[in-house]
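Peer 1: The residues making up each chain are set out below.
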Amino acid sequence: MNFQAVRSIYSFEMARFFRTLSQSLISPVLSTSLYFIVFGAAIGSRIDEIDGVSYGAFIVPGLIMLSVLTQSISNASFGIYFPKFLGSIYELHTAPVSFVEIVLGYVGAAATKSALIGLVILGTAEFFVDFEVLHWGAMLAFLALTCISFSLFGFIIGIWSKNFEQLQMVPLLVITPLVFLGGSFYSISMLPPFWQTVTLFNPVVYLISGFRWAFYGTADINIGISLMMIALFMFVCLGIIGWTFKTGYKIKT
Amino acid sequence: MAAILSVQNLSKQYDGGFQALKNVNLEIEEGEILALLGPNGAGKTTLISIICGLVNATSGTARVGGHDVVSDFRQARSLIGLVPQEIALEPFQTVIDALRFTRGLFGKRNDPALIKSILEKLSLWDKKDAKTMELSGGMKRRVLIAKALCHEPRVLFLDEPTAGVDVELRKEMWEVVRQLKADGVTIILTTHYIEEAEAIADRVGVIRGGELLLVEEKETLMQRMGKRQMRVELMQPLETVPESLSRYDLEYDAETQTLVYSYEANGERTGIASLFADLSAAGLVMRDVETRQSTLEDVFVGLVEDKS
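So the protein sequences, as listed, match chains L and Y. Residue 178 in the numbering used here sits at position 178 of the first sequence, and the numbers go up by one each step. Residue 252 in the numbering used here sits at position 252 of the second sequence, and the numbers go up by one each step.
Among the clues, some could well be false.
Examples of chain L residues toward chain Y, derived with CB under 7 Å [unchecked claim]:
| hint | residue |
| --- | --- |
| 1 | 2 |
| 2 | 86 |
| 3 | 115 |
| 4 | 137 |
| 5 | 247 |
Just so you know, these hints were derived from the structure itself, not from any lab. Note that the Cβ used here is the ideal one computed from N, Cα and C, for glycine as well.
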């Protein structure tokens, strides 16, 4: 195991995050603030409490997840796609590193970045609504698991993408709808029964539900099932990445 | 001397069916400079890409320092530095960070003294804090070389180091290569400039259509294949070459009124003296005489034509 290489990749990726700090942090914070103003303050004041939680507070976990998911995917996919695009990826192939070091470096950095963004949004939310986190440990664990799984997913997208268009297609066409329909802004119990069943096929539902449980102790779905689903997703991603590197698919000829 | 690089029965067929390498065998000794010479698309880059880990071989093996490049890739790759053909650098990274990054990838701790000495050797020290995108093309190439050297490899691959580079910079690059050899680094470079192979290589491998046609000492190659030519320009045009000169196997170029005589440069007798005698006996008056040694280029063109 080449830990020095992991450290090199990790700090290189983090350096980019800090170099573009304004872009990396300001835009998610700004867009989340806008959500709070629109949904929390303006519309939320006319909506009843959900499960005993005010609407403004109810959407906090969902909004954090919304940013964390998209940031994880875009950070990780961009992180590995950019060297591919520049051609500088040759260094990773010719260095004494296996996919384990590469994934730890890139995915570790992407997950760290999105976790930081998640925490900053949590802090931002404090300015807009009153809420308390019931289970801090579970909340942080859920955040970490989500960041890691979706950074893995983003890494896969980055490797498989042939151009910038494809790189943005999946987050735009798949992730955004999944997050919006995953219960960020509503409880799935508010849906008609048929759509409730359909929703269960959306993996994001389990994430948001579990995350919200960590905040308020109530959830649409059993917390155990939520954990299992996210673990399953993580292992599927790891499996795909392992297979990709083993066969050289999309990275070697 | 022990072979630092050993390639056995290496073949590569790309997915589209293109056979880029056909059963290539090659041994390289420590400390030498080998030039892989061949036209574009001959398989030069594929060969070094397989050794360096960029491309998977279809069959065959490659070993560096005794380590298989696939099953023992960590040991093998630690010994290798690669300077790619295309300039590929992170544009916002500074020169010194780029070197530190590469050294880290190879599992080595930062070594400021070593990095400084490499940068100085490549005249990049005063640019150490510049972003790579601010550098000129020649400097970027030197950064690639510096990156390839900063983990102290024993074998350095240079893939077309001077493709699209002006004459000045090419000479400069050759100087760098000679210096590296003096430091004990084994160098394998690909090129389609014969001049380049002639100028810096110890041995030359000629590769064409995925086949390694031959690998030989540059001097031997030129001696073995090298011919001298004497061109004799005549005062008057000839209708036919006189019968008395037939044993010289002369070619006659009517346009320039020139007789061309080819002979072994290192033969005991060149036959020039008797040719001159026979020329005057035949009543031919010479206007001018010129002799020239065939270059590696002539040898190369001869080889490539033979096979096609």
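Peer 1: Decide, hint by hint, whether the structure agrees.
Peer 2: Taking the hints in turn, this is what the structure says about them:
For residue 2(L), the shortest C-beta to C-beta distance to chain Y is roughly 4 Å, which falls under 7 Å, so the interface hint holds. At about 5 Å, the closest approach between the beta carbon of residue 86(L) and any beta carbon in chain Y falls short of 7 Å, and the interface hint on this residue holds. Checking residue 115(L) against chain Y: minimum C-beta separation of about 23 Å lies over 7 Å; hint violated. Nearest Cβ of chain Y to the Cβ of residue 137(L): about 34 Å, over the 7 Å cut. The hint is violated.
The closest approach between the C-beta of residue 247(L) and any C-beta of chain Y is roughly 9 Å, which is over the 7 Å cut-off, so the hint fails.
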